[in-house]
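**Q** Read off the chains here:
2 protein chains.
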Amino acid sequence: MRILIDGHGGDHAPDVVIEAMKLVLAKADAPTLGIVGRPDVIQPVLERHDLTDRVELVESEDIIEMCDAPALAVRRKRKSSIHVGARAVRDGEWDALVSAGNTGALMAISKLVMKTIPGIDRPAIAAMIPSTHGGTLLLDIGANVDCSSNHLIQFGVMGSCYRQAVCGEESPRVGMLNIGTEDIKGTDVVKYAAQQLAKTNLNFIGNVEGTDIFTGAVDVVVCDGFVGNIALKTMEGIVRHVLGQMKHELQSSPRAKAGAWLAMPALKNLKEALHPSEHNGAPLMGLNGVVVKSHGSADAYAFSCAIDAACVEVKADLKSAIANAMNNMTLPT
Amino acid sequence: MRILIDGHGGDHAPDVVIEAMKLVLAKADAPTLGIVGRPDVIQPVLERHDLTDRVELVESEDIIEMCDAPALAVRRKRKSSIHVGARAVRDGEWDALVSAGNTGALMAISKLVMKTIPGIDRPAIAAMIPSTHGGTLLLDIGANVDCSSNHLIQFGVMGSCYRQAVCGEESPRVGMLNIGTEDIKGTDVVKYAAQQLAKTNLNFIGNVEGTDIFTGAVDVVVCDGFVGNIALKTMEGIVRHVLGQMKHELQSSPRAKAGAWLAMPALKNLKEALHPSEHNGAPLMGLNGVVVKSHGSADAYAFSCAIDAACVEVKADLKSAIANAMNNMTLPT
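Keeping their order, the protein sequence lines are chains A and B.
Residue 1 is where the first sequence starts when you use our numbering, and the numbers rise one by one after that.
Residue 1001 is where the second sequence starts when you use our numbering, and the numbers rise one by one after that.
Be aware that a few hints might be false.
A partial selection of chain A residues facing chain B, derived with a Cβ cut-off under 8 Å [what the hints assert, rightly or not]:
#, residue
1, Thr132
2, Leu177
3, Ile179
4, Gly210
5, Ile213
6, Met235
7, Glu236
8, His241
9, Gly244
10, Ala256
11, Ala260
12, Ala263
13, Pro265
14, Ala266
15, Asn269
16, Leu270
Rather than coming from a laboratory, the hints here were simulated on the basis of the structure.
Computed from a prediction, not measured in an experiment: that's the story for all the values here.
Glycine residues also receive a C-beta, built at the ideal position from the N, C-alpha and C atoms.
Generate the whole structure from the sequences, applying the supplied hints.
**A** Right, dumping it as structure tokens:
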């Protein structure tokens, strides 16, 4: 297995990226790792970490910044690490690309270079949300702000394939994110998509609400990228707010402080359960190739989890699973 | 001040409703309270609580159930407590209607009976979300699943008026909920609404993200009812999840249990700050009359806060504030 890492993506690249690679290489069944980037930037860091023998350097020239507009980055920075990396995966030289860079650019370039799986109009980005019983896969979380019913149906298929192929679940429950569980609720686009999903061979359980994401009542939650992104960032915001309020309350009296000291290990577990770095690594689904997006602010451990996620996805052959599912499905045209 | 309460709305009506009225009547500057409902159901409860002299009973015949489709409830249950109550407010017999009943029916009937303020196409429901610095007003939270840019602009105006008239803020900051702060982000509807809001005399601060709802960086967050409802329910879901996880972690060892016991008062404050019953009472804005929606599962105290919210809104004369603002504003047609 050969995994290529974008050396220029993320807030702390390339150092954190290379520390993450070290964590992965320390494991027994480590994949072959490569790093794509500018030699003048990457080579010295590889040397400093004594990794020149263990990590292959794939040379690129341009760097896409976080603030670059995706459409411009696609056209004007064809020698960027993301472009070079995506082409290397397309050409079979590497099995997957992992990047903590500009999400929009990563998506647009991957789509342009790798194309989508037959039957899939648009790739989607998915996030695993911690829930009471493991996790709930939410997609799309921001790649597609305007979606047709067919796009939503395709997201349902891809999400279901992911839970089957990657998580090993036989019959994942797929739900449509809506403002109520009744069939009459929601926009026409969502209503039609739900009607059609009910006719497929997916285990479609109907509409679900925002509250259901966390209860373990559903495995895959489908929505457009506008709604998904706002749901995701609202979660991030309120978790930060809750933890901030908790800290404030636990410092409000000597008694509370003593309690907080005793409960510290438990509260640390809570914090980790809410911001699980193992869940870092959002798959870009629907492409003819494996691309995994790491959070831009990921630390070395979290980034290494994104590399692991790429390995798991390559092993599971998600691409073929989605292609098969689309092939065997009669979908509205 | 004369506030009319729907005797049939909510999970625990009419008992909780009447207990809430008792709480309100116990205060020094209590408004005159009325209850609208079926005499055979309401009269015995009023007698039991010894309230027949203090609470006026307005008679209605039908009851709208939580599961009734709003469109049908509007047409077929014209003698319902909500219909009778809305007409009584329209005719000036009462200053406001408070109900914990079917939200869709309450909105549809109020709109049909009271009509909207000139310049407002559609009423919106707003929720006050607890944030680091008090609260953030989010609207719409579910009345309008499909919105045009003009609807969103009107929500911005109404939200700003609410913060001015009801909360006494001079120049409330209005933001557009979007998937990024850059102007290029989001759907065409959202982009155009943001452009136009920037041209008005509102203190429009541009796009805001889901995370910004909780930081106190913005006072009014504008979105369509689909997005707002999903954001709101996602918050509810994750807060419940976090509190559940916290309980679980704090019971995981004797040390954690001891810490939890010491920190109990602080943790109770945290819980109350996250589910503040004082924030119960969502205004239906843009109507020619004051209508406040209580959470269906509100207890007596929370329901009494919804009655208080109605009093505050009547006193603030929000309706005139919105009418004036719309009158003084040049909006795209």
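**Q** A closest beta-carbon separation below 8 Å is what the hint needs, so does leucine 177/A meet it against chain B?
**A** Holds. Min distance 6 Å.
**Q** Checking hints one by one. Is asparagine 269/A an interface residue toward chain B, by the C-beta closer than 8 Å rule?
**A** holds (5 Å)
**Q** Under 8 Å, Cβ to Cβ, is where methionine 235/A needs to be relative to chain B, so tell me if that hint holds or is violated.
**A** Holds - the Cβ of methionine 235/A comes within 8 Å of chain B, reaching about 5 Å at its closest.
**Q** Is the interface hint satisfied for isoleucine 179/A? The criterion is a beta-carbon contact with chain B at less than 8 Å.
**A** holds (4 Å)
**Q** Closer than 8 Å between Cβ atoms is the bar; does alanine 263/A clear it against chain B? Give me holds or violated.
**A** Alanine 263/A check passes; min Cβ-Cβ to chain B is 3 Å, inside 8 Å.
**Q** A closest beta-carbon separation below 8 Å is what the hint needs, so does proline 265/A meet it against chain B?
**A** holds (7 Å)
**Q** Given alanine 266/A as an interface hint, is its Cβ closer than 8 Å to any Cβ of chain B?
**A** holds (4 Å)
**Q** Can glycine 210/A be said to touch chain B, with a Cβ gap under 8 Å?
**A** holds (3 Å)
**Q** Under 8 Å, Cβ to Cβ, is where threonine 132/A needs to be relative to chain B, so tell me if that hint holds or is violated.
**A** Holds - the Cβ of threonine 132/A comes within 8 Å of chain B, reaching about 7 Å at its closest.
**Q** Is the hint on isoleucine 213/A kept, meaning its closest Cβ partner in chain B is under 8 Å away?
**A** holds (6 Å)
**Q** Against chain B, is alanine 256/A within 8 Å by beta-carbon distance?
**A** holds (4 Å)
**Q** Does the interface hint hold: is glutamate 236/A within less than 8 Å of chain B, judged Cβ to Cβ?
**A** Holds - the Cβ of glutamate 236/A comes within 8 Å of chain B, reaching about 5 Å at its closest.
This entry satisfies every hint, going by the numbered hints stated previously.
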